[in-house]
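Novice: For the protein sequence lines, the chains are A and B, in the order given.
To convert, count from 1 in the first sequence and add 57; that's the numbering used here.
To convert, count from 1 in the second sequence and add 57; that's the numbering used here.
These are calculated hints, taken from the structure and not from any lab test.
Warning: the hint list may mix true and false statements.
In this list, chains with the same sequence are indistinguishable; a pair is considered to hold if it fits within one copy or across any two.
[What the hints assert, rightly or not] In silico DSS-like links for lysine-lysine, alpha-carbon gap of 27 Å or less:
hint, residue 1, residue 2
1, Lys195, Lys404
2, Lys200, Lys404
3, Lys198, Lys287
4, Lys179, Lys404
5, Lys179, Lys280
6, Lys287, Lys404
7, Lys198, Lys179
8, Lys404, Lys389
9, Lys380, Lys280
10, Lys287, Lys200
11, Lys389, Lys200
12, Lys404, Lys280
13, Lys179, Lys389
14, Lys198, Lys389
15, Lys195, Lys389
16, Lys250, Lys195
2 protein chains.
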Amino acid sequence: MSDRHRLSLAPIDTPERLLLGPGPSNAHPTVLEALSRSPIGHLDPLYVALMGEVQELLRYTWQTDNRLTLPMSGTGSAAMEATIANVVEPGDTVLVAVKGYFGLRLQDMAGRYRANVQTIEKPWGEAFSLEEIEAGLKQHKPKVLAIVHAETSTGVCQPMEGIGDLCRQHDCLLLLDTVTSLGAVPLFLDEWKVDLAYSCSQKGLSCPPGLGPFSMGPRAEDKLMARSGKVPNWYLDVSLLNQYWGSDRVYHHTAPVNMNFGMREALRLIAEEGLENVWARHRRNAERLWNGLERLGLALHVPSELRLPTLTTVRIPEDVDGKAFTLHLLNKHGIEVGGGLGALAGKVWRIGLMGYNSREDNVDLLLNLLEEELPAFRSSASAVAAAVA
Amino acid sequence: MSDRHRLSLAPIDTPERLLLGPGPSNAHPTVLEALSRSPIGHLDPLYVALMGEVQELLRYTWQTDNRLTLPMSGTGSAAMEATIANVVEPGDTVLVAVKGYFGLRLQDMAGRYRANVQTIEKPWGEAFSLEEIEAGLKQHKPKVLAIVHAETSTGVCQPMEGIGDLCRQHDCLLLLDTVTSLGAVPLFLDEWKVDLAYSCSQKGLSCPPGLGPFSMGPRAEDKLMARSGKVPNWYLDVSLLNQYWGSDRVYHHTAPVNMNFGMREALRLIAEEGLENVWARHRRNAERLWNGLERLGLALHVPSELRLPTLTTVRIPEDVDGKAFTLHLLNKHGIEVGGGLGALAGKVWRIGLMGYNSREDNVDLLLNLLEEELPAFRSSASAVAAAVA
Numbered sequence: 058m059s060d061r062h063r064l065s066l067a068p069i070d071t072p073e074r075l076l077l078g079p080g081p082s083n084a085h086p087t088v089l090e091a092l093s094r095s096p097i098g099h100l101d102p103l104y105v106a107l108m109g110e111v112q113e114l115l116r117y118t119w120q121t122d123n124r125l126t127l128p129m130s131g132t133g134s135a136a137m138e139a140t141i142a143n144v145v146e147p148g149d150t151v152l153v154a155v156k157g158y159f160g161l162r163l164q165d166m167a168g169r170y171r172a173n174v175q176t177i178e179k180p181w182g183e184a185f186s187l188e189e190i191e192a193g194l195k196q197h198k199p200k201v202l203a204i205v206h207a208e209t210s211t212g213v214c215q216p217m218e219g220i221g222d223l224c225r226q227h228d229c230l231l232l233l234d235t236v237t238s239l240g241a242v243p244l245f246l247d248e249w250k251v252d253l254a255y256s257c258s259q260k261g262l263s264c265p266p267g268l269g270p271f272s273m274g275p276r277a278e279d280k281l282m283a284r285s286g287k288v289p290n291w292y293l294d295v296s297l298l299n300q301y302w303g304s305d306r307v308y309h310h311t312a313p314v315n316m317n318f319g320m321r322e323a324l325r326l327i328a329e330e331g332l333e334n335v336w337a338r339h340r341r342n343a344e345r346l347w348n349g350l351e352r353l354g355l356a357l358h359v360p361s362e363l364r365l366p367t368l369t370t371v372r373i374p375e376d377v378d379g380k381a382f383t384l385h386l387l388n389k390h391g392i393e394v395g396g397g398l399g400a401l402a403g404k405v406w407r408i409g410l411m412g413y414n415s416r417e418d419n420v421d422l423l424l425n426l427l428e429e430e431l432p433a434f435r436s437s438a439s440a441v442a443a444a445v446a
Numbered sequence: 058m059s060d061r062h063r064l065s066l067a068p069i070d071t072p073e074r075l076l077l078g079p080g081p082s083n084a085h086p087t088v089l090e091a092l093s094r095s096p097i098g099h100l101d102p103l104y105v106a107l108m109g110e111v112q113e114l115l116r117y118t119w120q121t122d123n124r125l126t127l128p129m130s131g132t133g134s135a136a137m138e139a140t141i142a143n144v145v146e147p148g149d150t151v152l153v154a155v156k157g158y159f160g161l162r163l164q165d166m167a168g169r170y171r172a173n174v175q176t177i178e179k180p181w182g183e184a185f186s187l188e189e190i191e192a193g194l195k196q197h198k199p200k201v202l203a204i205v206h207a208e209t210s211t212g213v214c215q216p217m218e219g220i221g222d223l224c225r226q227h228d229c230l231l232l233l234d235t236v237t238s239l240g241a242v243p244l245f246l247d248e249w250k251v252d253l254a255y256s257c258s259q260k261g262l263s264c265p266p267g268l269g270p271f272s273m274g275p276r277a278e279d280k281l282m283a284r285s286g287k288v289p290n291w292y293l294d295v296s297l298l299n300q301y302w303g304s305d306r307v308y309h310h311t312a313p314v315n316m317n318f319g320m321r322e323a324l325r326l327i328a329e330e331g332l333e334n335v336w337a338r339h340r341r342n343a344e345r346l347w348n349g350l351e352r353l354g355l356a357l358h359v360p361s362e363l364r365l366p367t368l369t370t371v372r373i374p375e376d377v378d379g380k381a382f383t384l385h386l387l388n389k390h391g392i393e394v395g396g397g398l399g400a401l402a403g404k405v406w407r408i409g410l411m412g413y414n415s416r417e418d419n420v421d422l423l424l425n426l427l428e429e430e431l432p433a434f435r436s437s438a439s440a441v442a443a444a445v446a
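With these hints in hand, go ahead and build the complete structure from the sequences.
Specialist: Here it is as structure tokens:
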């Protein structure tokens, strides 16, 4: 028996943060209360009823009738992997439309499932046109087209009109990343003819990270059922999960019960507010932010017609050390704003207004801080910056 | 916009349960408090420090120096799959020692990673002898031997003395399931020469389900580094995770921040009580339960020398409807006791005394209920049973 790694720690004492970055976003107070209830068993009749409520409210939030709609017991990345793992068979061509970091991740994942991965690409900050997508489908004849609705790395919202019809014409499944749009930005899985979708808990849903909403339509289900072998991922195998989340309630794994308490409350709040009101609120607060930023002379990275209400990319002024300013916001004001990822690293800040945090007071607070404290971080004012920090 | 799935629900109102089944077990009250703190960012310097504390305390609890010790962002089953996914290459022989349900799951998982899966088997309720394991290693020459330390389906604790040495002699990695032993039953990863181990959060650690502790020793790390291709599972790829949990802190996925708040508190409580005291408490309360059950004339399924202090399998008396009695305990007293799984379905009850729930008062409460209310469920007393229910 060794005490080598026996740390003696004080009880946890994390501060309150205002999370205005790419996520996690703050959780709603009643979601945090739900999270801290005593666990019940994952096969308890009361939990089984709660599972049904979570599934039904996910269908509402995604605007889908898909039977196979459930939260994966992992983060959004696990749900992303579940969409690939369940339908991709070795040698299947998967076409990934890459216009940011999360397109690259889909590409990496599909390769691990031995797909023939092909890509079409756009610069980070742009979206695909229908013509570009059609050309890709014609050239590569994929079994699956994977595309990101709301690119968290760039702040672009991909227009979805017509993409589903093209995929059906080319006998291809449409796989959609809705991580930064679910519960925040207009999203219609069935109307858009989306066959596979995933999301996360910590953005539009105002829940902490830890669950990955997943939905699979009938065409994707057919491909899953026609597989020649088992899904090469036990934990994310929807044919097994469906026995637990479906009517049989067969034990698969011990569900993250408390996270699902939180998810149920998060979805309940969205249903209470009404999805159209939720979407309008996100739009209204984003526009308030965009107008304010432009008034301060800051440049937005994405043209207005493609801008995502949940995540705004702001170009870091040439004479500002972007990292120093975000550290100042965090350490002095407890406010988190994100930096750039991948091709946009060091070039943009990422400001999130998601779920519970999409509020006028948060927008005004951040705009005021930018107005009053950013000037000290201009390199011409570096001596002042040192004093403020 | 459709309101078809827009349920109108009351706020969550789950009852307090006493979870004396195979898990989840009740969480410690201060763990639930930690869980409900406001999230902070997964790349926040304070969260990075917290990650280090969780890793270090997991090393203490597992008695290991393994660098690659971290909680997977999923339940115990995800951590189980991580041990297989990272080291198994197609065609590798994996020998699974099956003596219960979770051995079967390891077999299923290893097959999905295209291993040549071989098994040795024992009846559900027994353990393997060193000779049986040596014979298996000689016959199958595996790259990995997978075995369950604490079989939650049978209540057997596998004696571990000598198994690690045999594995080294036969140039084979030792993979150990410690789901129902971590933080409750004597466990020495390094002394036992275990190369890969996994566990869960909701048993000995007194945390809700949702995290899967994982540990990988240097020999397993070598096999991971020598792989010819990428790990065929992105979410559980330890070579990527190590960049996040290791010194680089490179973004991989958004960590389940709040679950890790709870995990830090759960591990802190264990370090405060001291591992030897924790193990002794579990042993003491289990013996109190075993003695009480035998005094009531109930038969224990596992011989005393192999019994697991965390989970006791009790044979359901021939003239009792086991399911009716557990439903009675749940509905009338809010107490959950488990039924049998697989080969033991309908034959045993499974009583768990794990973590925060391993307490004298819980043992006495359950023994009293068995003494006073079980007689009414004897078939000779079915009329009385109907009245009580």
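Novice: Hints first: check each against the structure and report whether it holds.
Specialist: Here's how the hints hold up against the structure:
1. Lys195 to Lys404: For Lys195 and Lys404, neither the intra-copy (35 Å) nor the inter-copy (59 Å) Cα distance is at most 27 Å.
2. Lys200 to Lys404: neither (36 Å within a copy, 48 Å between copies)
3. Lys198 to Lys287: both (25 Å within a copy, 26 Å between copies)
4. Lys179 to Lys404: within (18 Å within a copy, 61 Å between copies)
5. Lys179 to Lys280: Answer is neither; intra-copy 29 Å and inter-copy 38 Å both fail.
6. Lys287 to Lys404: neither (44 Å within a copy, 31 Å between copies)
7. Lys198 to Lys179: within (19 Å within a copy, 51 Å between copies)
8. Lys404 to Lys389: within (23 Å within a copy, 62 Å between copies)
9. Lys380 to Lys280: For Lys380 and Lys280, the Cα distance exceeds 27 Å both inside one copy (46 Å) and across copies (38 Å).
10. Lys287 to Lys200: both (19 Å within a copy, 23 Å between copies)
11. Lys389 to Lys200: This pair counts as neither: shortest intra-copy Cα distance 51 Å, inter-copy 53 Å.
12. Lys404 to Lys280: neither (42 Å within a copy, 39 Å between copies)
13. Lys179 to Lys389: Answer is neither: 38 Å inside a copy and 62 Å across each miss the 27 Å cutoff.
14. Lys198 to Lys389: So Lys198 and Lys389 fail the 27 Å test inside a copy (53 Å) and across (60 Å) alike.
15. Lys195 to Lys389: Neither. Shortest intra-copy (53 Å) and inter-copy (64 Å) distances fail the 27 Å Cα cut-off.
16. Lys250 to Lys195: within (19 Å within a copy, 55 Å between copies)
In summary, the numbered hints that this structure violates are 1, 2, 5, 6, 9, 11, 12, 13, 14 and 15.
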